[in-house]
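Between the sequences and the hints, there should be enough to build the whole structure, so can you do that?
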Amino acid sequence: MSGFQGDGLKIIVVDSAEEAGRKSLEYVRGPRIAVSGGTTFAALFRHWLPEVKQKVAAGDDLRFFVVDERTVPFEDPQCNWKTCYEELLLPAGLSKQKAHYTPTAAEYSSLLRNEFKGSPVIFDQIFLGMGEDGHTASLFPGSDSLQDDDSIVLDIVGPKPPPRRVTLGFKPLRECRTLVAIALGASKFPVIEKIRSGDRELPIANVLASHPNGVLILDKAAAGSV
1 MSGFQGDGLK
11 IIVVDSAEEA
21 GRKSLEYVRG
31 PRIAVSGGTT
41 FAALFRHWLP
51 EVKQKVAAGD
61 DLRFFVVDER
71 TVPFEDPQCN
81 WKTCYEELLL
91 PAGLSKQKAH
101 YTPTAAEYSS
111 LLRNEFKGSP
121 VIFDQIFLGM
131 GEDGHTASLF
141 PGSDSLQDDD
151 SIVLDIVGPK
161 PPPRRVTLGF
171 KPLRECRTLV
181 AIALGASKFP
191 VIEKIRSGDR
201 ELPIANVLAS
211 HPNGVLILDK
221 AAAGSV
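One point on numbering: in my numbering, the residue at position 125 of the sequence shown is 125, and numbering is uninterrupted.
Any given hint could turn out to be false.
Said to hold, decoys possible - Okay, derived cross-link-like pairs now, EDC-like style, lysine to aspartate or glutamate, Cα gap no bigger than 16 Å in a straight line: (1) Lys-171 with Asp-155; (2) Lys-53 with Glu-26; (3) Lys-194 with Asp-133; (4) Lys-10 with Glu-193; (5) Lys-98 with Glu-87; (6) Lys-98 with Glu-86; (7) Lys-220 with Glu-18; (8) Lys-53 with Glu-86; (9) Lys-23 with Glu-51; (10) Lys-98 with Asp-76; (11) Lys-160 with Asp-133; (12) Lys-220 with Asp-15; (13) Lys-96 with Glu-115; (14) Lys-171 with Asp-148.
Derived from the structure by calculation, the hints contain no laboratory data.
Right, dumping it as structure tokens:
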């Protein structure tokens with residue numbers, strides 16, 4: 001493992017997906033944690049499970065929320081929260097957090113109002129992935145949502161199926177206490193190059209460049225020349 005410290009961004013290069021799981025787990029501190037979906041996070045949840053289960057058994061306060069969700073039924077295999085629930089929450093003893101499934105912006109906004117009780121929506125940790133096009137959460141390049149710096153939650157019609165989604169906006173991503181982004185595989189290298197160059201055009205680059213306490217975990221294929 002090696003590291004690179006950029007302007008406000010700590011870059012950590014790991015040797016394997018397993019090490020990415022272990023390293024990212026160091027930032028799972030709670031209490032309020034928002035996590036992304038996709039195959040990368042399905043694997044990470046399995047790495048996180050033993051320690052998260054221990055923390056829950058010890059009485060640690062860990063409350064998980066979704067970064068973005070496809071507007072599909074909970075039972076749909078494409079549902080991000082279904083994956084998180086089955087791979088992490090249920091076996092860790094957090095089954096009540098199944099209720100955090102929120103497939104619309106109205107439902108998610110209501111959940112967050114109840115959670116934060118009128119205080120600013122500031123997550124303790126947010127974990128992001130990124131697409132080969134540089135999208136993160138469900139904030140896609142060229143989308144009107146990129147001009148919205150104020151919304152906490154957005155309904156999105158994205159370019160990838162299923163198109164209807166709900167996502168955290170830029171505001172909570174930028175204002176969380178710790179932001180951790182994870183990229184694995186050579187297909188992510190062009191995006192990583194833009195992040196390192198300071199280019200803010202891509203959503204993930206924009207978010208990381210504007211966060212004062214960001215962490216970027218890469219495997220060697222994604223890191224390229226880092």
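These are the hints, each one checked on the structure:
In summary, the hint linking Lys-171 to Asp-155 is supported, as the alpha carbons are separated by about 15 Å, within the 16 Å threshold. Of the supplied pair hints, the one linking Lys-53 and Glu-26 holds, its CA atoms being roughly 14 Å apart against a limit of 16 Å. A hinted pair counts as satisfied when its Cα atoms are at most 16 Å apart, and Lys-194 with Asp-133 qualifies at roughly 11 Å. For the given pair, Lys-10 sits about 15 Å from Glu-193 by alpha-carbon distance, which is consistent with the 16 Å threshold.
The straight-line distance between the Cα atoms of Lys-98 and Glu-87 is roughly 12 Å, inside the 16 Å bound, and the hint therefore holds. Restraint check for Lys-98 and Glu-86: satisfied, since their Cα atoms lie roughly 9 Å apart, inside the 16 Å limit. Restraint check for Lys-220 and Glu-18: the C-alpha separation of about 13 Å stays at or below 16 Å, so the hint holds. The straight-line distance between the Cα atoms of Lys-53 and Glu-86 is roughly 13 Å, inside the 16 Å bound, and the hint therefore holds.
Straight-line distance between C-alpha atoms of Lys-23 and Glu-51 comes to about 12 Å, which keeps the hinted pair within the 16 Å bound. Between the alpha carbons of Lys-98 and Asp-76 the distance comes to roughly 14 Å, so the proposed pair stays at or under 16 Å and holds. This hinted pair checks out: Lys-160 and Asp-133 have alpha carbons roughly 11 Å apart, not beyond 16 Å. With a C-alpha separation of about 6 Å, the suggested pairing of Lys-220 with Asp-15 holds against the 16 Å cut-off.
A C-alpha spacing of about 14 Å is found between Lys-96 and Glu-115, which places the hinted pair at or below 16 Å, so the restraint holds. Taking the CA atoms of Lys-171 and Asp-148, the gap is near 8 Å; set against the 16 Å cutoff, the hint holds.
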